[in-house]
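Generate coordinates for the entire structure from the input sequences, incorporating the hints supplied.
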Amino acid sequence: MSLIAPLFLLGLFSIALPIWLHRMNTLNPERHAFPSAMLLEHSKRTLIQKKLKYLLLMALRIGFLGLLIFAFAKPLISRPPVIAGGEGAILHMIVIDTSFSMKYSDQFNQAMGKVSEILNELEADDAAQLIAASNTIEVLMDPAGINFDFDQVLGRLQPGFGRLEMGNVIASIDQLVSEIEQTVELHLISDFQESALPSKFSELVPDALKTNLRVLNLHQISQDNAVNAYIDTVVHTENGIEVAVRTYQNDGAEGSVEIMLNGESINQETLALSDTGLTIFEFSIDEIPEGENRLVAKYLNDDSLDEDNIRYYVLDNTPPKPVLLLTENTDALSVKYLTAAVESGQQGYRIEAVRINELDPRIIKRYPWILIDDLGLVNETLEPVITEYLNNGGAIFAALGTRAAEKNTIPVVNFDVSADRLASDITAPYTVSAIDLSHPALAETSGWRDINVTRFLGLDVGNNADVIVTLEDGSPLVIEKKFGTGRVLLLSTSLDNRQNDLPVRPVFVNFVAEAGKYLSGDQKLIQNQVAGDYLQLVQSGSSAGQVIDPQGANLLSLAETHRSQDIKLNLTGFYEIYTSDTETLVAVNPDVRESEPSFMTIEAISAWRDALSAPQVSVSDSGPINIQQDSIELWHILLVLMGVIVLIESIIGNHYLGARRGYT
Amino acid sequence: MNSTLPKSGPARLLQPDVLAGLSNLELVARAVVEGFLIGLHRSPQFGFSQEFAEYRPYVEGDDLRYVDWNVYARSEKTYIKRYLGETNSHMMLLLDSSASMSYGSTDINKFQYGKYLAASLAFMASQQHDAVGCIIFDEGIVEYRAPSTRSGRLMGVLHAIDKAEASHGTDLGKPFQHFSEYSKRRGMVVVISDFYSNAQEMIENVRPLAFKGQDIILFQLLDPGELNPGFKDDVLIEDLETGETLEVSRKFIRDRYPEIIQDHILSINEAAQSVGADHVLVNTSEPLDQALRNYLMFRQRRR
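In order, the protein sequences belong to chains V and Z.
In terms of my numbering, the first sequence opens at residue 1 and continues consecutively.
In terms of my numbering, the second sequence opens at residue 665 and continues consecutively.
Because the hints were derived from the structure by calculation, they are not lab data.
Treat the numbers as computed from the prediction; the structure is a model and nothing was measured.
The beta carbon of each residue, even a glycine, is placed where N, CA and C say it ideally should be.
The following residues of chain V were derived to be distant from chain Z, with all beta-carbon distances above 12 Å:
{"no.": "1", "residue": "LEU67"}
{"no.": "2", "residue": "LEU119"}
{"no.": "3", "residue": "GLN249"}
{"no.": "4", "residue": "GLU264"}
{"no.": "5", "residue": "PRO289"}
{"no.": "6", "residue": "ASP303"}
{"no.": "7", "residue": "PRO361"}
{"no.": "8", "residue": "GLU406"}
{"no.": "9", "residue": "ASP501"}
{"no.": "10", "residue": "GLN527"}
{"no.": "11", "residue": "LYS568"}
{"no.": "12", "residue": "THR579"}
{"no.": "13", "residue": "ARG593"}
{"no.": "14", "residue": "GLU633"}
Chain V is faced by these chain Z residues, among others (derived, beta-carbon under 8 Å):
{"no.": "15", "residue": "SER764"}
{"no.": "16", "residue": "ASP858"}
{"no.": "17", "residue": "LEU900"}
{"no.": "18", "residue": "LEU910"}
Straight line, CA to CA, 25 Å or less: simulated DMTMM-like cross-link-like pairs of lysine to aspartate or glutamate:
{"no.": "19", "chain 1": "V", "residue 1": "LYS298", "chain 2": "V", "residue 2": "GLU576"}
{"no.": "20", "chain 1": "Z", "residue 1": "LYS827", "chain 2": "Z", "residue 2": "GLU690"}
{"no.": "21", "chain 1": "V", "residue 1": "LYS51", "chain 2": "Z", "residue 2": "GLU908"}
{"no.": "22", "chain 1": "Z", "residue 1": "LYS827", "chain 2": "Z", "residue 2": "GLU807"}
{"no.": "23", "chain 1": "V", "residue 1": "LYS481", "chain 2": "V", "residue 2": "GLU380"}
{"no.": "24", "chain 1": "Z", "residue 1": "LYS915", "chain 2": "V", "residue 2": "GLU30"}
{"no.": "25", "chain 1": "Z", "residue 1": "LYS896", "chain 2": "Z", "residue 2": "ASP919"}
{"no.": "26", "chain 1": "V", "residue 1": "LYS53", "chain 2": "Z", "residue 2": "ASP897"}
{"no.": "27", "chain 1": "V", "residue 1": "LYS407", "chain 2": "V", "residue 2": "GLU383"}
{"no.": "28", "chain 1": "V", "residue 1": "LYS50", "chain 2": "Z", "residue 2": "GLU902"}
{"no.": "29", "chain 1": "V", "residue 1": "LYS50", "chain 2": "Z", "residue 2": "ASP919"}
{"no.": "30", "chain 1": "V", "residue 1": "LYS51", "chain 2": "Z", "residue 2": "ASP898"}
{"no.": "31", "chain 1": "V", "residue 1": "LYS365", "chain 2": "V", "residue 2": "GLU583"}
{"no.": "32", "chain 1": "V", "residue 1": "LYS51", "chain 2": "Z", "residue 2": "GLU902"}
{"no.": "33", "chain 1": "V", "residue 1": "LYS50", "chain 2": "Z", "residue 2": "ASP897"}
{"no.": "34", "chain 1": "Z", "residue 1": "LYS896", "chain 2": "V", "residue 2": "GLU649"}
{"no.": "35", "chain 1": "Z", "residue 1": "LYS745", "chain 2": "Z", "residue 2": "GLU724"}
{"no.": "36", "chain 1": "V", "residue 1": "LYS50", "chain 2": "Z", "residue 2": "GLU908"}
{"no.": "37", "chain 1": "V", "residue 1": "LYS53", "chain 2": "V", "residue 2": "GLU30"}
{"no.": "38", "chain 1": "Z", "residue 1": "LYS896", "chain 2": "V", "residue 2": "GLU30"}
{"no.": "39", "chain 1": "V", "residue 1": "LYS321", "chain 2": "V", "residue 2": "GLU292"}
{"no.": "40", "chain 1": "V", "residue 1": "LYS321", "chain 2": "V", "residue 2": "GLU358"}
What follows is the structure in structure tokens.
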């Protein structure tokens, strides 16, 4: 129970009881009738003493109730997780692999057995600490002596769906060990999958071995037979759905795969599986409902790891969103380049090219963002419409073509054209000299320095705009100007490849896609992810959104739905993400590498052990370890305090009651 | 409870707690007086009823019924035989019905006790053929019954006493002034009160009556809880008459109050003596006979 738990807060209300009683007593003190006060004298001191006595009684009662409620909240005094032992004291850090592969057969039970063995062999003065390792390492408890109830911690431990990278684990443990002054003996219990190993063997040797890490013991869980079959991939093709089943040491048996769309079985196929390798199951789907669909592929044959025989996939059949492209000529090269770049992006846009002189201005506000291949085309009639659109939160991606070159001031953005930097003055292509990669439109782009610009408009952008890409002569190439919540992303050159080679460079597609994502505000989530990844929920306006996990639980409290969140995807299945303007499905599956039943050989393990033993430092004999209690429970202190309060309250209360009785 | 009489036989009828069980005030008065008289027969000190007082020569205008014809037969002289009852032929009862009289720490409060005492005295006087009247007072005159020997007068007085309720404050001046205005004859005035007032002011009101030759007896009724309050700790006291509250310390109650109450009783006593009145302190936990004895002793002295 915490200090904001509803029961604790409710309990706090009981403190109102003595306050109320005190208030009642103060308002209605017991009066003793007497024939006449003529012969009596008022005693002011008595009144003050009585008030103090009442207040003391009330304080004692409130104190008692407060302590009682506090005791139910199980308060602890936490101490830093440091063993305050003398030099040379040994701490056994036991790292247990809880990645998805540990679900294979009874590997995890074996791992638990190994933990028990290690704990049973601890010396009386030793301490131990349990750590779970998967995508990240999780310290399960602070260091404790042999009398600690380790089963209580181990009982809660289960393998998850995460991916273990041995290099990351060693680096994390290295960091953890370096923060501890005492000598550490590390035990790593894992199946040691080959796929978990880093590219460099040196990453498996902790630096702490040179300081306080005495030894790293590798405990490999024994493997019976490296046999497994699992669904490797699910792909949506033009012809339908392709499900790839990967098998290891298959003995020629057939395998069956069933696919289900939105909860309904739509097809099943049985094929002879390859011995070791991929078998592709192809399914045709007649009609895919519009929007995001839940596709589940199941490998129907039993094996030692059932949970990788099912794969979740979001089959996205959402129609692309229209984007308005204003141009002078819909057959122009710039239109072709922009259309290709926009429609090939992940966001799913469809270009609607319209001649600017045929434009009905009323339609502009239907689009979250628009493109203009030459901002110089905007005439005096259209300019206020576009400015209003921007001021209302709209966004424009624009370039400057031949029409803009005819003007002294660029419409809408009101940038002055510097006459001495007109494109005709350039004799050799300019390259990019500065890029603001922190800008969202450029964050995922690369290759800007490869482009050549032969013609552009020199612009005086003033202080109200940001230059995010600059040419070598200092002229702005990409500029952003904000209009309230609206914005314009402007290229100071044209979008046909006669003035620059940007449209034919790979960076262009990424740039347009990211610019479109940035300008439209669409932060589309990756629909198919692996377990252990983080889902980034970005705040938009006053809300970020809510996430419902595959078990139907809301992952965020009401307060959390208003803030940006990184949500770890711990379960496999479909997560539903609700943001202020979208509903998105995210399919989460275990990393397929966790399903590979290929493990480090004994020789490789031996080589690792050798690498570990080589730089081992001499460690002095360990003295008894002095384990400071990591946390002190306060309930017994509270109990004593309550006892004292009850005693004092009884004495004062009895005295007070005697006074209230008056006569005896 | 201190009691001078055993709680058996007729005398038990004088115990206040026994009287409290009798609902009819006339019955109470009869029980008290008869119980008291039974006790008196054992005593040689007191006489009662139509007691012979003196002979005096017959003068014109005297009622021939009172001529002692036996004396005339022996001496041929006409003498009128006078009885005691003819010396004090009026008795006026002044009963305080202020709120302070409603206080009682025992089964019977001061006002009930005062009612019993007043009724008993009225009954006793009626037996003696005295004219009995009463004034019930608090801040003003609540009830007034002029003294009379007419038959039924006693019942009227008892009824007035019976229906009285204790409330309001006390003003001792009012009943005395009222009595002075309406009573021209010499007689006995019995004041039953707790006398929570300034002794000198009170006696200034009594003095005119004393000058007119009225025989005055003051019964000061006090509850044992007033004489010795049993508070064990500091208390909040509420004045029954004014409703005011007062924080009083246990130390004051224990050390100073007994002295103050005794001084107050003494001051009332001295003030009474200064005008020739009798002052009788009555503890309401004690039987009524003590008060009746005082009354008779007072009559005897004034005879």
